[in-house]
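Visitor: Since chain A is already given, all that's left is putting chain B on it; use the hints.
Number of protein chains: 2
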Amino acid sequence: MATERQLSRRSLLGAAGAGAVGLTASAAGTAAAATRTADVCVVGAGLAGLTAARDLVAAGRTVVVLEARDRVGGRVLNLSLTNGGVTEGGGEFIGPTQDRIRALADSLGVATFATYNTGKNLLYKDGKKTPYATDGLLGSVPPIDAAGLANAAIVQATLDDLAKQIPVDAPWTAAKADEWDRQTFETWLRANAVIPSAKFLFDVACTSIFSAEPRELSFLFVLFYIAAAGNASNPGTLERLTETAGGAQELRFVGGSQLVPIKLAAALGDRVVLNSPVRSIARSGSQYVVTADGTTVTARRVVVAVPPPIAARITYDPVLPAARDQLTQRLPMASVGKAIAIYDTPFWRADGLNGQVVSDSGVVSSTFDNSPPDASYGALMGFIEADEARKFDAASEAEVRAAVLKDYATYFGEKAASPSSFVLQRWNNETYTRGGPVSIAAPGVLTQYGPALRTPVGGIHWAGTETSTFWMGFMDGAVRSGERVAKEVLGAL
Amino acid sequence: MATERQLSRRSLLGAAGAGAVGLTASAAGTAAAATRTADVCVVGAGLAGLTAARDLVAAGRTVVVLEARDRVGGRVLNLSLTNGGVTEGGGEFIGPTQDRIRALADSLGVATFATYNTGKNLLYKDGKKTPYATDGLLGSVPPIDAAGLANAAIVQATLDDLAKQIPVDAPWTAAKADEWDRQTFETWLRANAVIPSAKFLFDVACTSIFSAEPRELSFLFVLFYIAAAGNASNPGTLERLTETAGGAQELRFVGGSQLVPIKLAAALGDRVVLNSPVRSIARSGSQYVVTADGTTVTARRVVVAVPPPIAARITYDPVLPAARDQLTQRLPMASVGKAIAIYDTPFWRADGLNGQVVSDSGVVSSTFDNSPPDASYGALMGFIEADEARKFDAASEAEVRAAVLKDYATYFGEKAASPSSFVLQRWNNETYTRGGPVSIAAPGVLTQYGPALRTPVGGIHWAGTETSTFWMGFMDGAVRSGERVAKEVLGAL
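Each protein sequence line maps, in turn, to chains A and B.
Mapping of the first sequence onto my numbering: residues 6 to 498, in sequence order.
Mapping of the second sequence onto my numbering: residues 6 to 498, in sequence order.
Quick caveat, the hints were computed from the structure, so don't treat them as lab data.
A few of these clues could be false.
[To be verified] With a Cα cut of at most 30 Å, we get these calculated DSSO-like pairs of lysine-lysine: (1) Lys-396(A) x Lys-204(B); (2) Lys-169(B) x Lys-130(A); (3) Lys-130(A) x Lys-420(A); (4) Lys-492(B) x Lys-268(B); (5) Lys-411(A) x Lys-133(A); (6) Lys-204(B) x Lys-181(A); (7) Lys-492(B) x Lys-169(B); (8) Lys-181(A) x Lys-492(B); (9) Lys-396(B) x Lys-134(B); (10) Lys-396(B) x Lys-133(B); (11) Lys-130(A) x Lys-204(A); (12) Lys-181(A) x Lys-130(B); (13) Lys-181(B) x Lys-396(A); (14) Lys-420(A) x Lys-133(A); (15) Lys-125(A) x Lys-492(A); (16) Lys-125(B) x Lys-411(B); (17) Lys-396(A) x Lys-130(A); (18) Lys-396(B) x Lys-169(A); (19) Lys-133(B) x Lys-204(B); (20) Lys-181(B) x Lys-134(B); (21) Lys-396(A) x Lys-133(A); (22) Lys-492(A) x Lys-204(A); (23) Lys-204(B) x Lys-125(B); (24) Lys-181(B) x Lys-204(A).
Next comes chain A alone, as it looks inside the complex (with noise of 0.2 Å):
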């Protein structure tokens, strides 16, 4: 079963933001051509975009790349140090069954290391500090009372269940959708998980899972991701969300995971025009202008790589059938920050702690030691989500550290107090992104308007992890949906 553990990893969909480690301009161009014609327009330079460049260059047709911001990335962000170290402010986990990002990283020469898991794993629960252990065959156990153990071993055991009822590619086919889709997480935990600390599980699960509150999802929205947590030849599982060893947090990038979309661009060249956010898509017979601040684009085929809210913000011309456009209006971006503290050695592993904590207060109630695979200096990252990450929205960054600080400090002791640095990335506040890790879909979204978020529109097509059958939510998402999408787009070229 799920351990405090595993239900506190998750993975956050890599990002960008001030003081990213920005593509410079020499490497993928800059928006100097006022005017470009192409076989294909790609708006938004993140995994998705970028994957699906690759893939339509290598067929031999000829792509531009819109990207709104300085640097390529989209959710995948390196942020630098004071210290000269980099940190990543998004998406940083890669893990089993995670293929395609894995076959990018490897095609690209970015190599992994193991995300730190030695020692004990802090739960922080009513005031209580408890260590526990994470090792053994079945995982570890988190010490809660043996009811709610038991409970939560049975909760666990049935969402995988039903989660192998439905089909990744069509989750609103499943035979008992509409049962799924009328009722939020939380309803159904509250009818499942009925012993409170297997409550305060879910609920920590969820939250690290989503950034978003059990209350804020549909059951079968929830049912979806754990079934794409796997590949076509394993099934997806709640467990394999949730872990580090064996999960997908179980890897990390060096050098940080931002440089797989830096030298994915790099090989694109100046295909890639930065400083460009695409304003309007523009049918004019067979081809499609897209016009950007200083860009604009005339393409055969478009193809929209951004979050569903942020595609949206496009105007169409014509406008979107009202299924796509109802859909995007119903995926909201979930609400996620990251706060990560340096320190000149990772103290808590002489503790025997692995830096990792599950807690029932706080700004951040989960944590990871994100320090660098040599451990040269000490990071603690903490995550920052939903209405946590709501509550400080509008804080300044020396309130949020404060905040952040004092709870590393209770964890951790009186040292985590006074990191030698601090960087802090609040995706809800990034204009091309305006949330995090990834939209999320309330009752009734799937069922209703789930075949819009791929179904072309004319020679518009649709990409990004939203839009993946297999780790939605995931770099490896976003590779997938930048692959099938080319195809896709080859197909109909």
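Guide: Structure of chain B alone, referenced to chain A:
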């Protein structure tokens, strides 16, 4: 308690589309001026924006109203008939406690008449038609089983009681807000409307009131909407939402509801600029630059009076706070269409029917007699709502017409299959509304984002029926929001 008669009633916010009885260019100005300066720029010439402009002008302020469409009225729309008459594609009804739309209409000399309500209602259920009386001191009793009636009476009383606990200006502060906002209306109904016939009545009431299925709505949002169906001296009730006589569908406007915004705009003259969709709102020192296609306005304050998902599509500089942005990602438009069939006479009246149907099947499950006050011709108006609206979004008008007329013939006999003309208004397909009649909130939205509904952002203020504390979703709420925002702006200028 609510009867089918009552349950079949709904009030659609007015709106507009192709074939609209538009405001002529001479009456409201054209987009001739390339740049304008004013104290206040209002975005959107629906009832909210026009009311705000009226009050600001009355207070001596200069105002420019930018309207995307070639007409005013937003979700209030008159449609021309081939017989020279006029029918309504959007909001049309008004009723008791809707004091502000009433006062506005009175001031403009737009008269009202009673919605046709003589004769029997028709229940179509399980393939059987049952006419039933609509009169009586306690309202009509729908022909369902006694257990269902008893259950429905209790559910309705409970809804009204719970709604009394909602402060309409801040539903998220209700003592039980968290409990009510973590479940769908469907979940609550399943626990309370346990007799199938009672559940049926509330399902129809839900789609009739919200154009949304019970699974799409937060229970807190439903309670707020009921609480808002009143005024400061009369608490809202479900019955007032669903009733014709004594309720929100009691009266109609002579000449069609769009006469109200048309006359309001005429008084504003060339302050109203049509054909000017606003693309960006940028702060520039102490001013805002509002850029629309063809027109740029510089103003000290901006009033955004368009539906939340449409407001989200404007580019703001600086970007909006996360709370406001994520709110607009979470208030999708519901799904609605109106189908009006025109006949030489309202022939159903001779059969003792009032033209009002409640049905458990068909594309149209609730209808009204929309004939003019002199009954010089007959008009059957049917709502196409929620799942049914979505099913027909992509259908041709001929397909929708065939499906609707099949329903009308089932309900009213073969004569209904051959109207002299037929008009269809599908709000989901409207570029500047993209659904209707109103935004809806899924679980978790109001408790986390509610305050952002009306909180100004710098010099940008928010209006529209979605921001009203009373009669949200109705013309009255739109007018109230315009009056409130004008006071807000005058206090700030």
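Visitor: For each hint, tell me whether it holds in the structure or not.
Guide: A quick look at each hint next to the structure:
no. : hint                    : result
1   : Lys-396(A) x Lys-204(B) : violated, 38 Å
2   : Lys-169(B) x Lys-130(A) : violated, 37 Å
3   : Lys-130(A) x Lys-420(A) : holds, 21 Å
4   : Lys-492(B) x Lys-268(B) : holds, 22 Å
5   : Lys-411(A) x Lys-133(A) : holds, 15 Å
6   : Lys-204(B) x Lys-181(A) : holds, 20 Å
7   : Lys-492(B) x Lys-169(B) : holds, 27 Å
8   : Lys-181(A) x Lys-492(B) : violated, 51 Å
9   : Lys-396(B) x Lys-134(B) : holds, 25 Å
10  : Lys-396(B) x Lys-133(B) : holds, 24 Å
11  : Lys-130(A) x Lys-204(A) : holds, 13 Å
12  : Lys-181(A) x Lys-130(B) : holds, 25 Å
13  : Lys-181(B) x Lys-396(A) : holds, 20 Å
14  : Lys-420(A) x Lys-133(A) : holds, 19 Å
15  : Lys-125(A) x Lys-492(A) : violated, 46 Å
16  : Lys-125(B) x Lys-411(B) : holds, 21 Å
17  : Lys-396(A) x Lys-130(A) : holds, 21 Å
18  : Lys-396(B) x Lys-169(A) : holds, 28 Å
19  : Lys-133(B) x Lys-204(B) : holds, 18 Å
20  : Lys-181(B) x Lys-134(B) : violated, 41 Å
21  : Lys-396(A) x Lys-133(A) : holds, 24 Å
22  : Lys-492(A) x Lys-204(A) : violated, 43 Å
23  : Lys-204(B) x Lys-125(B) : holds, 23 Å
24  : Lys-181(B) x Lys-204(A) : holds, 20 Å
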